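Work out the full structure: start from the sequences and follow the hints.
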Amino acid sequence: MNGPDADFIIIGSGPAGVSAAFPLIAAGRRVLMLDAGNDVGSRDESRSVRVLGGDLESLRADDGSSPKLQTPVSRGILERFQGESGIGGVGFMPIGSLARGGLSNIWGAQISYLDADDIANWPIDIASLQKSYERISERIGISRNADFKRSAEGESVLPLGATAAYVLHRHRVAKPANGSFRLFPAVNAILSESRPGRAACDLGSDCLYGCPNGAIYNSRQDLLSLRKSPHFRLLDNMRAVSLTHNPGWTVRTADGSSFFAPRIILAAGVLGTAALLADHLPIEEQGLRLLNSPTLAIPLLSPQRLLRSSTPTHSLAQLGLSLRYGDGISDYVTGAIYEVGSLPAQNFINRMPLGRNAGRAAFERIAGSLLVATIYYPGDQSRSYIHRDAAAEKSLTIHGGFAEGFDILAEALKRALRREWKRLGLIPLPGSSLAEPGVDAHFAGTLPMGASGPFGTSADGELNFHRGLHIVDGSIIPDLSSKYITMTIMANADRIAHRLAETEAKPAS
Amino acid sequence: MAPRLIITGSTGYIGARLAALARERGFDVVEFGRRSEAKWRIGDEPAASDLEGAAAVVHLAHSWATEPEAAEESNINISGTVKLAEAAKAAGVSRFVFASSTSSRPEALNVYGRTKFRIEQHLAASAAAPIVRIARIGLVYGGPRTAMYGLMAKLSALSPLLPMIGLSRKVQPIHLDEVAAGLLTLATDESQPPRAFVLAQERPISFAAWLRILRRSQGKGNLHFIPIPLTAALLACRMTKLLPLIPTVDPERVLGLAGATPMESGESLRLLKLHLADPLVMLSAELGQKSGEPSQSEAKALLQYLGSAPTEMQLQRLSEGLRREGLAPLGLSPALIKHPRLLALFEPPANRTQHRLARALYLADLAIEPERQRDKKAGLFNAILTISGDVLLLPLRALLAGRYR
Chain A
72 MNGPDADFII IGSGPAGVSA AFPLIAAGRR VLMLDAGNDV GSRDESRSVR
122 VLGGDLESLR ADDGSSPKLQ TPVSRGILER FQGESGIGGV GFMPIGSLAR
172 GGLSNIWGAQ ISYLDADDIA NWPIDIASLQ KSYERISERI GISRNADFKR
222 SAEGESVLPL GATAAYVLHR HRVAKPANGS FRLFPAVNAI LSESRPGRAA
272 CDLGSDCLYG CPNGAIYNSR QDLLSLRKSP HFRLLDNMRA VSLTHNPGWT
322 VRTADGSSFF APRIILAAGV LGTAALLADH LPIEEQGLRL LNSPTLAIPL
372 LSPQRLLRSS TPTHSLAQLG LSLRYGDGIS DYVTGAIYEV GSLPAQNFIN
422 RMPLGRNAGR AAFERIAGSL LVATIYYPGD QSRSYIHRDA AAEKSLTIHG
472 GFAEGFDILA EALKRALRRE WKRLGLIPLP GSSLAEPGVD AHFAGTLPMG
522 ASGPFGTSAD GELNFHRGLH IVDGSIIPDL SSKYITMTIM ANADRIAHRL
572 AETEAKPAS
Chain B
441 MAPRLIITGS TGYIGARLAA LARERGFDVV EFGRRSEAKW RIGDEPAASD
491 LEGAAAVVHL AHSWATEPEA AEESNINISG TVKLAEAAKA AGVSRFVFAS
541 STSSRPEALN VYGRTKFRIE QHLAASAAAP IVRIARIGLV YGGPRTAMYG
591 LMAKLSALSP LLPMIGLSRK VQPIHLDEVA AGLLTLATDE SQPPRAFVLA
641 QERPISFAAW LRILRRSQGK GNLHFIPIPL TAALLACRMT KLLPLIPTVD
691 PERVLGLAGA TPMESGESLR LLKLHLADPL VMLSAELGQK SGEPSQSEAK
741 ALLQYLGSAP TEMQLQRLSE GLRREGLAPL GLSPALIKHP RLLALFEPPA
791 NRTQHRLARA LYLADLAIEP ERQRDKKAGL FNAILTISGD VLLLPLRALL
841 AGRYR
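Going down the list, the protein sequences come from chains A and B. Just so we're aligned, residue 72 is where the first sequence starts under my numbering, counting upward by one. Just so we're aligned, residue 441 is where the second sequence starts under my numbering, counting upward by one.
Calculated directly from the structure, the hints in this document are not laboratory data. None of these values were measured; they are calculated from a predicted model. Cβ coordinates follow ideal geometry from the N, Cα and C atoms, glycine included. Misleading hints may appear alongside valid ones.
Claimed, not checked - Far from chain B by the CB rule (all over 10 Å, computed), these chain A residues:
hint: 1; residue: L294
hint: 2; residue: G397
hint: 3; residue: A481
To be verified - Each pair of labels, with its calculated beta carbon distance range:
hint: 4; chain 1: B; residue 1: G766; chain 2: A; residue 2: R323; range: 37 to 43 Å
hint: 5; chain 1: B; residue 1: G766; chain 2: A; residue 2: N317; range: 49 to 55 Å
hint: 6; chain 1: A; residue 1: L295; chain 2: B; residue 2: R792; range: 42 to 48 Å
hint: 7; chain 1: B; residue 1: T586; chain 2: A; residue 2: L505; range: 26 to 32 Å
hint: 8; chain 1: A; residue 1: L295; chain 2: B; residue 2: A749; range: 40 to 46 Å
hint: 9; chain 1: B; residue 1: R843; chain 2: A; residue 2: D350; range: 27 to 33 Å
Here it is as structure tokens:
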């Protein structure tokens, strides 16, 4: 009989998968990574291809979702996922990726760290997570936005947009009445200084279309260094379709291949992992709970900044904010503030009751003084469930919804925010919108760490009753605060992989 | 010095193409006509100074003003052609090419055919005979969809059922480019003898078959005919003359379709080294392309409206995008395509994303995006003008936007 293909098979090449791979190969474990995508989509393409897509994917009528999801990269990725994953949505937009690099191809690159309060219900301690945060940030490279004048000592900084800087200044001068509102420069996984294989951000403002310099972190970049290790093997076009236990684990892929290893690490993303585990979980009875962050987008005008010139900056988050709305530990929203002037104009013009030429003229005049805030609620404000279709055996449907009383909460929050906007000299423009559940792609909590029963995992992400089957993606995040989750998913995957490298005896080679 | 070539009727269907071809080949083309540099009308005595030094005269002009059955001496086409040919001979021009027709016969049904025949006879008897070459041209197709060709192309594409006369008439098509090449050879090749040449397909096809080719090459299905007797057609033409307010149809046109015997063209084609292409292949390429042309020109208009000087790349992108979104053709009127600024009158607000024109303009805006310079924007004054214009025009646009919904 043939031996195992590796000590660990990692399914998925997104941020969670690569973060789990590094500690394992560093500890000398053999890792086989199965990637549903392949290497196409190299970085040396023309701007035309990046903006419109190699096959003009972008030249389609506006579908009303966020500009980020309309870029060619996103369209190609989302549509392939929707087509091949068999996951549909009712009042929910299933977002996932089968491409190399997973959802890091379309992420916002914003970095948030959870604190001890945020993980009070997790079966892990904050110190272990913090160690992993440090390792991850060292690896991917992060920068804080800063006013040039106040550039901190030695800290990696990128210029803050002029309007964002003005608003931050206002915030510092006019302190809020209570401490419930915080506004701070955003931290992003963007390089301000070049590294091997990646150039520094050139402030070219094309971030949404995928950074041609590789300044924005994408887990594809990690695959390059992983592949240098003799312990690491990456196989392309291997979409895992089933898992069988015997007593190790066999993964079958869409092309009919199968791979065997004593331990499997699932990093396929929350929806991809759920689809793979559908046969192993009693989903039929109750449906699988899915946490996601209800999202609100608010355009804001800064009249003082009208007709002023802008500072060249990247087009990802400029500022971060948080606002408490209750006494509970997780009763706060977080948000990101973008400078509209550095985002593609078309999507904004599409929402104006003006002709296109006049719309563009108006946009160009005011874009520099426009901000857009995206606000995220914690996952407990969502009520989404993954159900298995009785009719179509393999397919899943996600029913999206909000928690009871969420609309009242949303109104109260808008009121509270209006106070803060006023203090910051910002006028909220009509057109703020609450997005359909799922568009945030902050999915989590299907198989929480520490939960008992079939829908739970150990502190090491091992699925209850399934020895050797570990999950490292967002599925095992027990509760979803409103903070950006990707950094935490990566840190948690790193933490679990370190634990596995310690506890799993190194096989005699 | 470039050889001079005089062309009469140079603004016509064949003349324009011949003039372009001759210029392309390095000739110094002098156009004789009402609207050209050398003011001349058929029947006029041409100025000797205009003719001197020319290598050849190609005479394509034909006056339709002459009474159909006018006497020989008062038929301006006959006398005018002979006058021009003799003047050319006197001025030392070495070749005079006369554009005749394959319907040129003494017993032709239509006046045009009989007139052409009589001109040929008179030329042969004139002092100019040694320099005269006669080109009997078949049914010309291709190029701009004007003249008889444009009418036939339109008719054939109109409906799968067509009432038509003269269906069994044999026609010998020839492409416009081939006619122009043949005429230029006749005008410039000294080795060609002074005689009549036939510029037409060797193998005649029925007029019905020809209309079917025209229809198929425009991507449409088969064509069926309701044959109309000639007498009924002629009667209908006479009726149009009597009835007010409807366009009159010249019985001459009907008679032209009514029947003729084909002419042998093989020897002429060999002498002139013309290898005629298959009309179906030529037309499929041309008309197939033509059917994409409206959306291309619409794409151009949309891009121009958005203030872009469209590049080939942008045009291609947008045409493809419009096609995929099912927006091509939008059906913009020729006036809008010519004056894209007028689109401001028809444009719906950009937030009406279900409106076809609004969607098309969104795609046009996207198509420009890769080449857009971020820091380049309209001045404040222009912006205010554009926005206030937009707001003021809103009621009118709400009214007109429905046209392109």
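Against the structure, the hints come out as follows:
{"no.": "1", "hint": "L294", "result": "28 Å, holds"}
{"no.": "2", "hint": "G397", "result": "36 Å, holds"}
{"no.": "3", "hint": "A481", "result": "23 Å, holds"}
{"no.": "4", "hint": "B:G766 x A:R323: 37 to 43 Å", "result": "40 Å, holds"}
{"no.": "5", "hint": "B:G766 x A:N317: 49 to 55 Å", "result": "51 Å, holds"}
{"no.": "6", "hint": "A:L295 x B:R792: 42 to 48 Å", "result": "47 Å, holds"}
{"no.": "7", "hint": "B:T586 x A:L505: 26 to 32 Å", "result": "59 Å, violated"}
{"no.": "8", "hint": "A:L295 x B:A749: 40 to 46 Å", "result": "42 Å, holds"}
{"no.": "9", "hint": "B:R843 x A:D350: 27 to 33 Å", "result": "57 Å, violated"}
In terms of the numbered hints stated before, the structure departs from hints 7 and 9, listed from lowest to highest.
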